[in-house]
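J.: Starting from the two chains in their separate frames, assemble the complex, guided by the hints.
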Amino acid sequence: MFPLDFVSFGFQQLSINNKYYHSMAKETDLTFLESFTGGNPDKMKKYMNMFIQMCPGQLTLMANHLQSANYDQLRATAHSLKPQITYMGIKRGEDLVKSIEHMAAEKRDVEKLPAMLDEFSAICKLAIDELKQHVS
Amino acid sequence: MSHVKDIFIIDDDPMQAMMLQDYLSKYSTFTIHVYNSGEEALKFLDLKPQIVFLDYNFDKVGPDAMDGVEILKEFKAALPLTEVVMFSGQDRIEVAVNTMKYGAFDYIVKSESAFHRSENVIFNIIKRMKLQGEASMYKRLTYSLGIALIVVLIVALWLYQAGKVSDNPGWL
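In the order they appear, the protein sequences are chains A and B. Using this note's numbering, you'd call the opening residue of the first sequence number 1 and step up by one each time. Using this note's numbering, you'd call the opening residue of the second sequence number 137 and step up by one each time.
Chain B extracted, bound-state conformation (with noise of 0.2 Å):
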């Protein structure tokens, strides 16, 4: 469970989100934190979540209430790297596609099967985090050896100037 240890739950549904929170509290590494609006959430962007569960609807917190799509958008603003999962008790497919198209990691309908599905995203995020960590490293690796390889041309070119080096190998 390397890389993820701070997620976030937006859900104005009290009952949703503790048994969410109930649900991935048997990971001991993760910390939970629950809000209930995205307003209150985005006071704490400093914690700099891995993982946001945000809610598509905010119609208890009041009318004036953040929608799961601005907040979603804020979030990708301010945290790129931030996987948002998407809940929403609407299985519309428009409302999932709206979702992605502004950067959510995946959409969950909110049903029995929600919670099961909630850690099967978070598994597939920590996968790629690492698959991206590991891609990463390689292009370090290749840039590192492309750099001593032109070191080392540069050199031996040098001495082969200076006439430091023959073109005799020695054992002719």
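If we strip away everything but chain A, and leave its shape as in the complex, we get (with noise of 0.2 Å):
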């Protein structure tokens, strides 16, 4: 069993180490805003304030989807989302949101999507934390 152990000690110490990781590191990179805006300050807060403020609806309609089994409403909700996270440099979020996107196009490994969706949330939460520091 003593291998066994091991495993899953060193499994435990590796997902430790990945929220310690996550919680330091950033969600959002700025690199495309600030060179679209041109770094002007104010056209920048103005698109996370836009982002800040549409995010969280999205995602409970994407909830509200996913709990009622319509997966092409979740489809088309994660679909128009995706540009959004893409502009804010959400990396972890576009690859997560394309997924469910097309696992919910495909009806495909459904049982899988709750926990996706709870993965996102969590991550575009923390970016939007991090965008509401950027703009205050």
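All clues stand as given, with none of them false.
Label pairs and their computed distance ranges (CB to CB):
1) B:K184 with A:A105: 30 to 40 Å
2) B:E210 with A:N70: 23 to 33 Å
3) B:R276 with A:N49: 47 to 57 Å
Keeping only pairs whose Cα atoms sit at most 27 Å apart, straight-line, the calculated DSS-like set for lysine-lysine is:
4) B:K196 with A:K112
5) A:K98 with B:K196
6) A:K46 with B:K162
7) A:K132 with A:K45
8) B:K196 with A:K46
Honestly, the hints are just simulated from the structure, not real lab data. Keep in mind it's a predicted model, so treat the numbers as computed, not measured. Virtual Cβ for every residue (Gly too), placed ideally from N, Cα, C.
T.: Below, the structure written as structure tokens:
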């Protein structure tokens, strides 16, 4: 049993390190937004505020669609949120929202969707907190 | 930036629409009109926009909302000279082909490079409009020269038959 416990301990450590890493790491990368606005802080704030206002509603919609097994609408909402995630440089969220969109479109592995949506929502919430700090 | 005056942006994503509007606002010669649905934009056909940037999906508007291809068809039927550029978050080739089939000028995937591509598409449309203008001018010129030549020939033939000109050019 020793090797198994050892492996399990290793994974626990990895998971803890991962959580620590993500609590320290930035979810957003504003390189694109900065270049797009020419570094104009007012314009950057305008777009960040739009994202801060719109994203929570979109996440709630996605959760509602998932709960009612309305995968077509879940795909549509994920699809419309995708560009905004890209513009705010939320790299971890980008891949996740693409996967949610594809899986909902194909109605494949739907049992994995709740966990994926939870993770995506958590990433977005962290991103929103970061953006709020930038705005203030 | 001649020929292009009015540009429509039709997108149900306010952030995408605003970013494109801001990006294109550096060209003061354009008047940019933003609509969040095809139904709303079609009410303003009398503005005769030269370019329309049109989203492919309008899921946010509602389940009964016209989709991008339906709006594209309406625009091309009412204003055949208007160039429609489709926007979508999908990079599927069949979506692009489908929009081209119904007369879209180009297809742009919503990404970081979408705004720069939109600007390039406007330049390409302007270039094409200028070439079309020149081609039609040369066509008119060719027709005019052809008609003038026919008139000269008819007059010459009539003068010849009336005996007002002879075979002898005069210097022989």
